[in-house]
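Visitor: Residue numbers (this note's numbering), protein chains in the order written: chain A, 1 to 262; chain B, 263 to 525.
Worth flagging that the hints you see were computed from the coordinates, not collected in a lab. Quantities reported herein were computed from a predicted structural model and do not represent experimental measurements. Here a beta-carbon is modelled for each residue, glycine too, at the ideal position from N, C-alpha and C. Hints should not be assumed to be uniformly reliable.
[Said to hold, decoys possible] List time: in silico EDC-like cross-link candidates among lysine to aspartate or glutamate, alpha-carbon distance up to 20 Å:
1. A/K72 - A/D25
2. A/K105 - B/D487
3. A/K105 - A/D130
4. A/K197 - A/D130
5. A/K144 - A/E98
6. A/K144 - A/D168
7. A/K72 - B/E420
8. B/K447 - B/E513
9. A/K144 - B/E513
10. A/K105 - B/D361
11. A/K197 - A/D135
12. A/K197 - A/D168
13. A/K72 - A/E86
14. A/K105 - B/D319
15. A/K72 - A/E23
[Unchecked claim] So the derived label-pair ranges between C-beta atoms look like this:
16. B/A365 - A/H248: 51 to 61 Å
17. B/F422 - A/H248: 53 to 63 Å
18. B/A516 - A/S30: 36 to 46 Å
19. B/S341 - A/R198: 47 to 57 Å
20. B/W483 - A/S117: 55 to 65 Å
21. A/P239 - B/S360: 51 to 61 Å
22. B/L374 - A/E166: 47 to 57 Å
23. A/D180 - B/V437: 50 to 60 Å
24. B/L512 - A/D180: 36 to 46 Å
25. B/S360 - A/H248: 50 to 60 Å
26. A/R242 - B/T284: 39 to 49 Å
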Amino acid sequence: MTEVDARGTGESETAAPAGPMIEVDRLRVSYGTETALQDVSFSVERRASCAVIGPSGCGKTTLLYALAGLLKPDEGRIRIDGAPLEAIRPATGLILQEYGLLPWKTVRDNIAFPLRSRGLDRHRRRERTDAILGDLGIGDQSDKFPGELSGGQRQRVAIGRALALEPDLLLMDEASSALDAMTRERIQNLVLGIFRKRPVTLLLVTHSIEEAVLLGGSILVMAQGRIRSRVDNPCFGLPDARDAQAFHDLCRIIRRELHETA
Amino acid sequence: MRRPDGPARVPRQRPFAPLLRTVYAVLCLLASWTILHVAIGSAIVPSPWVTAAAFVDLLPGALGLHLLSSLGRILAALSASLLLGVVVGLWTGLSARSDRWIAPIVYLLYPLPKIAFLPILMILFGLGNAPKILLIVFILVFQVLLAVRDGVREIPAEWFLSVRSTGLGRGGLLVHLVLPAILPKLLTAVRIGIGIGLSVLFFAESFATTYGIGYFIMNSWLLVDYPDMYAGILAMSLMGWMLFSLVDLLESRACRWVRVGKT
């Protein structure tokens, strides 16, 4: 499998350890007799972003859970940051769209509660939480419950919880698929902004072609538990990518890939 | 219900609304009581005022002691049922294997008319507090257990994954996810348990006992002292109402999130 510098810039950060951030080698995951993932191999470079796209049931969410260390593969191996993945990794942030937030915790507590187990005292938890809430533009919502928020605000809190753990790898499930068009664009821009500003590798799972092309430096097309193709994304990171001709050309290519594999 | 678009609002109540509603309920009760008293025209339904006078007269003395011993029994029984029910409920809810072993036993024991075993409990444990408390626990523990188990099962698997992904261990999952998730169901079980517990207690206290509000009521009845009997009923109702209010208060504090977004 060829390694792709998904940022396409070719600049190499100094002091960054060598080797890709995610290495997956011949991964197989099954639930009982049903095989969810088969012969999945790919790698994602450090500080690159990768979008996984495919129809529902193609195994993309299973792949995300496996990368998060939440389920044990039957075969194959996963290496994250050069080390074999054997348990849940503290520096991996997982953002689940629908179930990311606990409804009985306020926005602030939803972000702060995992920090307690990381040995942060009350003061520092509060400091970090408030800073992140401010960054994400939801500082005035901090005492509300998730049920009082709009969909976009909830997604911001879910992102905030992952960021509070200062991850070097962010895994996202359907970043914006349940949101209306305008909110979706804002969340996508937010994710791009986070990716640019922070030293983080991004892997996101989506069933939206536009989202994959917008947020993925490389795009993995999945079907029936396998990776069918890998497409490098030349328009990743372009300003106003949504208006670029190359963006729409790539969307067409991905759409064709999806139809061919279906 | 979550609203997909636009922030929902927490319904704000005027602070006196619950109090006004209680006053309204009390007035309704007093009115129907008075109507019954006048309509029946017999000593078996004394007027609310005569009952209140007897209640005020008796409460600092004998009635208070009877009430306290009943309260002690009901609180002990509730605590024991909660402790046992929550522990076994969590265990069966979180582990499918333990549920396979425990559920058949629970299903067999749950519908038994346990109240019929009071004589056996009295032979085994004497005439003191133990058989009364045990009888209530024997009845309530299954309700708590099933409420907790079903509550745990209803937690979406994705929530477990989401919380686990932050690196929290078993203890953290219990504190941040499982216990808050089952709390509303548990409080409902407690509320039902208080009602059932009080009626079972009344039954248990009407046999071979010299202390307890159940004894006081039955004894006043045998002595054909209806105002005292009604004072006892009033005391028992007030005790139940206070326990209920306590659960309500707990719920409004700890489960505020449940009402969020329901306008």
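Visitor: Kindly indicate which numbered hints from before are broken by the structure, ordering the numbers from low to high.
Guide: 2, 6, 10, 14, 17, 23, 26
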